[in-house]
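Chemist: We have chain A already, so just place chain B on it with the hints.
Protein sequences, first through last, are from chains A and B. Per the numbering used here, the first sequence starts with residue 1, numbered consecutively. Per the numbering used here, the second sequence starts with residue 135, numbered consecutively.
These aren't lab readings, by the way, just hints derived from the structure by calculation. Ideal Cβ placement from N, Cα and C applies to all residues, glycine included. All clues stand as given, with none of them false.
Stretch by stretch, here's where chain A covers chain B in the computed footprint (C-beta under 8 Å, at least three residues):
no.	segment
1	157-169
2	205-212
3	250-257
Now the in silico label distances, taken between C-beta atoms and shown as ranges:
no.	chain 1	residue 1	chain 2	residue 2	range
4	A	133	B	249	13 to 23 Å
5	A	74	B	269	21 to 31 Å
6	A	37	B	193	30 to 40 Å
7	B	256	A	119	20 to 30 Å
8	B	216	A	60	39 to 49 Å
Covered stretches of chain A, as calculated for chain B (at least 3 residues, CB under 8 Å):
no.	segment
9	27-40
10	69-79
11	110-121
12	125-133
If you want the building blocks of each chain, they are given just below.
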Amino acid sequence: MTQVIIGGLLIGLSSVLLMALQGRIAGISSIVYRAAFVRGGETWTVWFVLGLVVGPAILIAMGLAAAPVLESSWLQILVGGLLVGIGTKIGSGCTSGHGVCGIGRGSLRSILATVAFMASGALAVLAMRWGGLL
Amino acid sequence: MNAVLVTVLGATFGAGLVLSGMTDPAYIRGFLDVTGDWRPELAFVMAGAIALSLPFFQLVQPKMAKPIFSEQFSMPLATQIDARLLVGAVIFGVGWTVSGYCPGPGVASFAYLEPKAFGFVAAMLVGFKIADWFAPAK
Numbered sequence: 001m002t003q004v005i006i007g008g009l010l011i012g013l014s015s016v017l018l019m020a021l022q023g024r025i026a027g028i029s030s031i032v033y034r035a036a037f038v039r040g041g042e043t044w045t046v047w048f049v050l051g052l053v054v055g056p057a058i059l060i061a062m063g064l065a066a067a068p069v070l071e072s073s074w075l076q077i078l079v080g081g082l083l084v085g086i087g088t089k090i091g092s093g094c095t096s097g098h099g100v101c102g103i104g105r106g107s108l109r110s111i112l113a114t115v116a117f118m119a120s121g122a123l124a125v126l127a128m129r130w131g132g133l134l
Numbered sequence: 135m136n137a138v139l140v141t142v143l144g145a146t147f148g149a150g151l152v153l154s155g156m157t158d159p160a161y162i163r164g165f166l167d168v169t170g171d172w173r174p175e176l177a178f179v180m181a182g183a184i185a186l187s188l189p190f191f192q193l194v195q196p197k198m199a200k201p202i203f204s205e206q207f208s209m210p211l212a213t214q215i216d217a218r219l220l221v222g223a224v225i226f227g228v229g230w231t232v233s234g235y236c237p238g239p240g241v242a243s244f245a246y247l248e249p250k251a252f253g254f255v256a257a258m259l260v261g262f263k264i265a266d267w268f269a270p271a272k
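Isolated chain A, as found in the complex (with noise of 0.2 Å):
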């Protein structure tokens, strides 16, 4: 429970800074999708997205992480990312843009999104339950 709290307060403290030095908002959707396909001035999402890969990383070299087991199947996999990237794409955002920074914008926009992407994730979870695939 308290790392639950420590790696909040960190996404939390990461979010802030971002916008507090650079003046920039951290949805992890929208930097990935910058990273891979805009050119010109974006180049901060680059290493924003290293930084992602790189914190993990010194973790497990510390051992203070491990892989957890992915029960995931190749196929859920696949078609879940595809469904991340239009949902996020289309909504403008995910749990880091409309969870953490737009809520704390007081943003309506973002409280209605994570209340929508929360429900239709827990009807997912009740579906696949009901279809044998959890």
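Modeler: This is chain B only, laid out in the frame that chain A set:
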């Protein structure tokens, strides 16, 4: 922007994702399994993050003329509640449950050298382009 600084901020974010359990798909599904074997602890990840982002955006940032190392704040401008926002969020939520990853944890799991994390991010990039092609922003 300063590459080292931004990399350190990304690393802080990524470390937070790993420590909190967000990179464990089974844990994510447990959190979203509200009517079954619900594991509500993950709510504290968002609570911890918002405990910092809310006071910052409400109290500190409005008093700042500009970011410390750049010329202006780049903030989302959209305010309208429309079908696009909600349909997108609903599709995202389903994808989050089906794969067990949201975007940050998918990328952070590269550090585990987990082949499925690479597969997830590749599929997500294809999803971004599908949205660009079939539902371009106005």
